[in-house]
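Top to bottom, those sequences are chains A and B.
First residue of the first sequence? That's 1 in the numbering used here, and the numbers climb one at a time after it.
First residue of the second sequence? That's 1 in the numbering used here, and the numbers climb one at a time after it.
In short, the hints are calculated from the structure, not lab data.
Take the hints with a grain of salt, since some may be wrong.
To be verified - Computed footprint of chain B on chain A; a stretch qualifies when at least three of its residues, placed anywhere within it, have a C-beta under 8 Å from a C-beta of chain B:
no., segment
1, 6–20
2, 30–41
3, 114–122
Stated by the list, open to error - Below, in silico cross-link-like pairs of lysine-lysine (DSS-like), each with a Cα-Cα straight-line distance of 30 Å or less:
no., chain 1, residue 1, chain 2, residue 2
4, A, Lys161, A, Lys138
5, A, Lys107, B, Lys153
6, B, Lys156, A, Lys107
7, B, Lys153, A, Lys161
This structure is a prediction, so every number in the text was calculated from the model and none was measured.
Glycine is no exception: its CB is placed at the ideal position from the N, C-alpha and C atoms.
In case you want the letters, here they are:
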Amino acid sequence: MIKTFGHLTAMFTILSVSAFGGGKVVLPTMQQQAVNQFHWMSNQQFVDLYGISIIDGPSMMVVTLVGLKACLEYGYLIAILGALVATVAMFLPSSILVLIVGRFWDKWHENPWHDSIQQAMMPISTGLILAAAWIITKHSIHSIPTAIMGLVALGLMLFTKLNPVIMIVAAAAISWAFLR
Amino acid sequence: MENQPEVAVSPVAPQTETGPANVPSIWELVFFFGLIGLTSFGGGLTAYIRRLAVTQKGWLTDEEFFSALAIVQILPGARVVGISVYIGNHLRGLFGAFVALISIMTPPFILVCILGFLYFHFGENTDSKALLAGVTAVACGLMASMVFEAGQKAIKGIFDIVMIIMTFLLVRLGHMHVQYVILLLAPVAIWWHRPRPKMEAVGDQKKEEAR
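So here's chain A without its partners, still in its complex pose (with noise of 0.2 Å):
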């Protein structure tokens, strides 16, 4: 038990820092050894569990069933805790980095080049966005259904004040309702 929880820290946190680019890097590695070389699941319950793990929350959370899963001949306490070892293995070192980097910058705050490194990356985050939107759109809409939900939250957001909490609660709700 104690050796798995070891495993899951080491793995986890390799893996934290080594993502660049967001988790989904590092998910073909984490796949790998979660399956392959600690015999933790089957192939097919991975891909099962990643269905899973995007329904809520950033996109890692395929970390958590892995910590689960390969607790889960210990009892359900002891899998708990393996999601909790895991998860926390995933997000906190990556955040510590954040952190150090982000004070640093915060406190730069009087240096001329502040401003201009910020105007800088304006553009470069623009296109970035766009990017992702791009990707996000070609792999979600697919039906004239949700291709008016996009364009309907796309005008809601341009045109109004409403709170996106309450688009996707809604579009979760419509979604369940008449798309299923």
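Start from chain A and add chain B according to the hints.
Frame of chain A; chain B shown alone:
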């Protein structure tokens, strides 16, 4: 600009040049990030955070948000978690960052654990896919709206438009990793936007001459 109602909402907002406009309490942060964690179905999350933190709460300016977003993307890890930690620290320091991280992670952690147990107990996939179809469609709308809003703030001239297109092309067609794109283009963009009081003076002179 027309669509800046946030200034009217928070009387302190015009002074955003020197740090966060209005500092929220820790409990406000817990509620804010907890709510996002609870309702962050299916992506598009950064647009969602921006709308709430920048437009509605006025905690950061767009410039602060988007440059932090770029910085977060150079570093490893999930973008959403990174930007949350950044905002938490920006508003309330170390403790704020900690609270942001815990608050945004706890709701999905609990939800995903429950779904995981159901999966292993009943051995079948729940219909999360059906639920997500509409939600991801809305997420597209949120992301697309952020393109417009970021673009509005980003574009100060032809150079910025070229940078947007270059970034997009390198990521989409060049299939380059995000952090390499940033490391490649950022020095050029920073140099272009470098502090240059003399050049501005020259620019003003030209304007004067034009008159």
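Checked hints:
Residues of the segment 6–20 of chain A lying with their CB closer than 8 Å to a CB of chain B number 5, which satisfies the three-residue condition for coverage. Only residues whose C-beta sits within less than 8 Å of a C-beta in chain B count toward coverage, and the segment 30–41 of chain A has 0 of them, not enough to reach three; the restraint is violated. Coverage of the segment 114–122 of chain A by chain B holds. Counting CB-CB distances below 8 Å, 8 residues qualify, and the rule asks for three or more. With a C-alpha separation of about 27 Å, the suggested pairing of lysine 161 (chain A) with lysine 138 (chain A) holds against the 30 Å cut-off.
Restraint check for lysine 107 (chain A) and lysine 153 (chain B): the C-alpha separation of about 23 Å stays at or below 30 Å, so the hint holds. Taking the CA atoms of lysine 156 (chain B) and lysine 107 (chain A), the gap is about 26 Å. The hint holds against a cut of 30 Å. Under the criterion of a C-alpha separation no larger than 30 Å, the hint pairing lysine 153 (chain B) with lysine 161 (chain A) is consistent with the structure, at around 18 Å.
Checked against the numbered hints above, the structure violates only hint 2.
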